[in-house]
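Make a model of the complete structure from these sequences and hints.
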Amino acid sequence: MDRKILLDKIDIPGIRSFGVFQNAGGYSAVEKALTTMSPEEVVEEVKLSGLRGRGGAGFPTGMKWSFLDRKSGKPRYLICNADESEPGTFKDRFLMEKIPHLLIEGMICSCYALGVNTGYIYVRGEYKYIIGILNEAIREAHANGFLGKDILRTGYDLELHVHSGAGAYICGEETAQIESLEGKRGNPRIKPPFPAVVGLYGCPTVVNNVETLANIGFIVNHGGGEYAGYGVGKSTGTKLISACGNINNPGVYEIEFGLSVREFLYSDKYCGGIKGGKALKAVIPGGSSVPILPAHLILQTASGEERLMTYESLADGGFVSGSMLGSGGFIVFDEEACIVRNTWNLARFYHHESCGQCSPCREGTGWMESVLHRLEHGKGRQKDIDLLVSIAGKIEGNTICPLGDAAAWPVASAIRHFRQEFEAHVEAAVCPVSQIH
Amino acid sequence: MSDREIIRPVREKEGTNVTFSPAVLEKIEKIKGRYPAGREKSALLPILHIAQEELGGYLSVDVMDYVASLLHIQPIEVYEVATFYTQYYLDPVGRHVIEVCRTGPCAICGGERISAYLAKKLNINPGETTSDGLFTLKEVECLGACGSAPVMQVNTQFYEFLTEEKIDQILEELRAQGNEDKPEKSKWIEKFF
Ligand SMILES: Cc1cc2nc3c(=O)[nH]c(=O)nc-3n(C[C@H](O)[C@H](O)[C@H](O)COP(=O)(O)O)c2cc1C
Ligand code: FES
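The listed protein sequences derive, respectively, from chains A and B. Sequential numbering of the first sequence, starting at 1, is according to the numbering used here. Sequential numbering of the second sequence, starting at 1001, is according to the numbering used here.
These aren't lab readings, by the way, just hints derived from the structure by calculation. Ideal Cβ placement from N, Cα and C applies to all residues, glycine included.
Here are the simulated BS3-like pairs of lysine-lysine, each with C-alpha atoms no more than 30 Å apart in a straight line:
#1 Lys275/A / Lys4/A
#2 Lys74/A / Lys1027/B
#3 Lys1030/B / Lys184/A
#4 Lys32/A / Lys234/A
#5 Lys1041/B / Lys71/A
#6 Lys149/A / Lys1191/B
#7 Lys149/A / Lys1032/B
#8 Lys1032/B / Lys74/A
#9 Lys184/A / Lys1041/B
#10 Lys1120/B / Lys275/A
#11 Lys9/A / Lys234/A
#12 Lys269/A / Lys1166/B
#13 Lys98/A / Lys1187/B
#14 Lys149/A / Lys74/A
Here are a few chain A residues that face chain B, going by a calculated C-beta distance under 8 Å:
#15 Ser85
#16 Glu126
#17 Ile131
#18 Ser164
#19 Ala166
#20 Lys184
#21 Gly186
#22 Cys244
#23 Ser288
#24 Phe349
#25 Glu353
Spelled out as structure tokens, the structure:
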């Protein structure tokens, strides 16, 4: 369970540069795809691989690609989503910083498969130094004939451009990202129409996450069948997990799907256990938007099975006793962390980041923040707890984009699993859990 | 307000003289060229970053109007964008803007204490600027560096695994730089845009 696809070469000195990357086998996928495969064959291999989007939703990439409208007669676009703003998530940054050409190689193969001649990488504005690294990688790829006109004398033309965001979590949502790339506020669009039909500049567009696209080179080189041999069941391949919070070894790890949560959390190869030898209290396994699980439910499912790092196992039990793999942002809380305080903190985040288009989200996130604030600061009432559940329920499913759900789930799940802690805050009229302060 | 008033230009531009240098203007043409003909408005976000850096550290109305004129769009199209994104500052800021992360993963790793320490050291509240004009302190949401919590960003530089001692040292270094532009400043635009 520790085979690697993405990070196997990151320890090679100088791998960030084109020359070293190419000597280590890099860009062979571009040569293979462009000179020996048709675009449709590349799409077929991606379908066969079972690769699912790594941006959070886990939608099958090959299927998304096959929805792209190829008959409109309009230009088509690929946007690489490098907005990475989901709290707890920092894997794309790591990948782009360490081995940027893996993304460029994957994007060239993907653009070729999709019949795209212009691609954009939308990078969150805070990652300026990453923009510098990507610009340099694109310049090198150009200078070596892998971008520009008539790539490898195949007649295929492609330009890639880096575009900088400016601080807005919502611009990670694909239609908000398209708006933002058009030079507007990041207000998500109503779907349908989906970007595959009406996307950037009204043209058919695919939006994929950095990590998703970085997998394409391997799939082209080795075939979708070999890729599907990694992982278990419908969780094929590997996943970058960014681990943070109260653990000994925070960082980015590439795991093969199927590793147990217990091993990931306690093995020295990964998180290395809870910092300071304290007890585990809870984990948010897939970025701040997914439900929080208490210690006993993160290590085992409700039916007593070992919980695995896969899409299916993390979701086992639905919202009653499960969570989601999401973006792979694995946030660990030790016994001293205050769940109420953290829930208030995240509610404040979603309130701050709501674009304001939909009333349930704009108003509801504000209400959740202020009710949680008073609970955490000892001014709450018992009925506030049910009030929060009710607000969360009224946001969920009632908004244009899933930010509303992303704001509701952390609150609803924290109360579901830690209601006593909320009640204790009311009874004590003060935060009874020792934390930072 | 009568209709006549509504359609009047938002602001008289007489007397303002914000302009980019020829070198920056050349770069801006290059950035516009990344987007299809007729879609140059796409360059708005990158150009606003550059305008903020080059033309006084924040986006005054004059600067926004100037950017609108470069892209042949209405000033309101710039205002609505500038007010949406948190990295654009609408008020003057200090020489160094310290953006300290306040979100969950940092908070459970001591981020709140770090933020409070910064405020105490600088003797200002988040959102304020020191009286010598050197520092503005801002609390921001997750910077995508939660594995190195607590984290802050100053200008474009990340500072990670923060401790009180580290902050003392960083503030001292930034103070020593004073109001001088860093030598790498000239390369800033070329590298990042
Ligand atoms: C509020 C919100 C924020 C999102 N942020 C990101 C992000 O930062 N990065 C990302 O890749 N996807 C993000 N997504 C998911 C994208 O909408 C989209 O599903 C994804 O980029 C598709 O790529 P994939 O299929 O390769 O995962 C976000 C979605 C929502 C609703
Ligand atoms: S929470 Fe601070 S960098 Fe992510």
